[in-house]
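Visitor: All letters in the sequence shown, in the order written, are residues 1 to 246 by full-length UniProt numbering.
FYI, nobody ran anything at the bench for these hints, they're computed from the structure.
This one's a predicted model, so the numbers in the text were calculated from it and none came from an experiment.
Ideal Cβ positions, reconstructed from N, Cα and C, are used throughout, including at glycine.
Hints may contain errors.
Unchecked claim - Once the Cα atoms are required to be at most 20 Å apart in a straight line, the calculated EDC-like pairs of lysine to aspartate or glutamate come out as:
id	residue 1	residue 2
1	33	93
2	33	98
3	33	57
What the hints assert, rightly or not - Across the chosen pairs, the derived CB separations fall in these ranges:
id	residue 1	residue 2	range
4	57	115	26 to 34 Å
5	42	161	29 to 37 Å
6	169	64	48 to 56 Å
7	55	186	18 to 26 Å
8	104	175	40 to 48 Å
9	57	182	17 to 25 Å
10	110	40	17 to 25 Å
11	180	151	19 to 27 Å
12	149	178	51 to 59 Å
13	164	70	28 to 36 Å
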Amino acid sequence: MAMDPAVGILEPPPEFWNSAQSPNSMHPQQLIKGLANDPGSNSCFLNSAVQLLWHQELFQTGLNQLTSHLCSGHRSCVFCALKVVFTQLRFSDRPTLDAGVLRSALAAQFSDRFQLGEMDDSAECLEQILGRLHFHLVRQQQPQQQCTAGHCITHRRFGMDIQEERACPRCGFVQPGPRFTQLTHYASAVRCSPSSGTWASAGPTPVLMCSARFKKSGRSGRSESVSEMRRQRRRRLFVTSSETVV
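Starting from the given sequences, assemble the full structure and let the hints guide the process.
Guide: Here's what the structure looks like:
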């Protein structure tokens, strides 16, 4: 490991990147590439998370520009592993690539999750990848804390500040609650479907309209739940919204 004396952050050894280089070319390859999911590997959940991040151009560019980070070691650093996979997707001339290096890094970081050969949840995998990137970049264990580091692409691209409050439906009194950061927000698919009755017959494509509607809800959205015992309405308000809609 080499250390950057200016920031005191470990850099991965050069040989770690060897698997990411194409033997024939180091220029971007425009081929359509896929991620391997061999029988018994059960890597479809990881492949979904990787593809989602890869197709976010702002995230892809931001990750490519980052170099220094807190490296957790050879074969166990999620930051290094994701950069290897992205480099393969960018430069390799092979149509099918293997994200096994990222799978191994996740398995090393989470002893009870994402183990080799075991199936897991794609959405939770995405959240954990984002959380580990946050840790590698700013050395904070909890991504739910507010992060102001400009180089943290996790919060720059996915961070949403949430304000929780309780409101009495009778008198209207509002009691402010905790404020925290959320990296993912789950929206109802019904609200984004053509059957909702809100689609225009002409204009933007359904995908673009769904994205615009979700962004609008992210700027002024709220989720509510009612406590029957206390007759209080709990609301979560988006204070700031994410730059990325996935």
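Visitor: Compare the structure with each hint and give your call.
Guide: Right, here's what the structure says about each hint:
1. 33 to 93: Holds, at roughly 9 Å.
2. 33 to 98: 11 Å, holds
3. 33 to 57: Between residue 33 and residue 57 the Cα gap is close to 16 Å, so the pair holds against 20 Å.
4. 57 to 115: 26 to 34 Å: Given about 32 Å between the Cβ atoms, the range holds.
5. 42 to 161: 29 to 37 Å: 35 Å, holds
6. 169 to 64: 48 to 56 Å: At roughly 49 Å between Cβ atoms, residue 64 and residue 169 fall inside 48 to 56 Å, so the hint holds.
7. 55 to 186: 18 to 26 Å: Check passed, 19 Å falls within 18 to 26 Å.
8. 104 to 175: 40 to 48 Å: For residue 175 against residue 104, whose Cβ atoms are near 47 Å apart, the range 40 to 48 Å holds.
9. 57 to 182: 17 to 25 Å: Given about 22 Å between the Cβ atoms, the range holds.
10. 110 to 40: 17 to 25 Å: 20 Å, holds
11. 180 to 151: 19 to 27 Å: Given range 19 to 27 Å: holds, Cβ gap about 21 Å.
12. 149 to 178: 51 to 59 Å: 21 Å, violated
13. 164 to 70: 28 to 36 Å: 31 Å, holds
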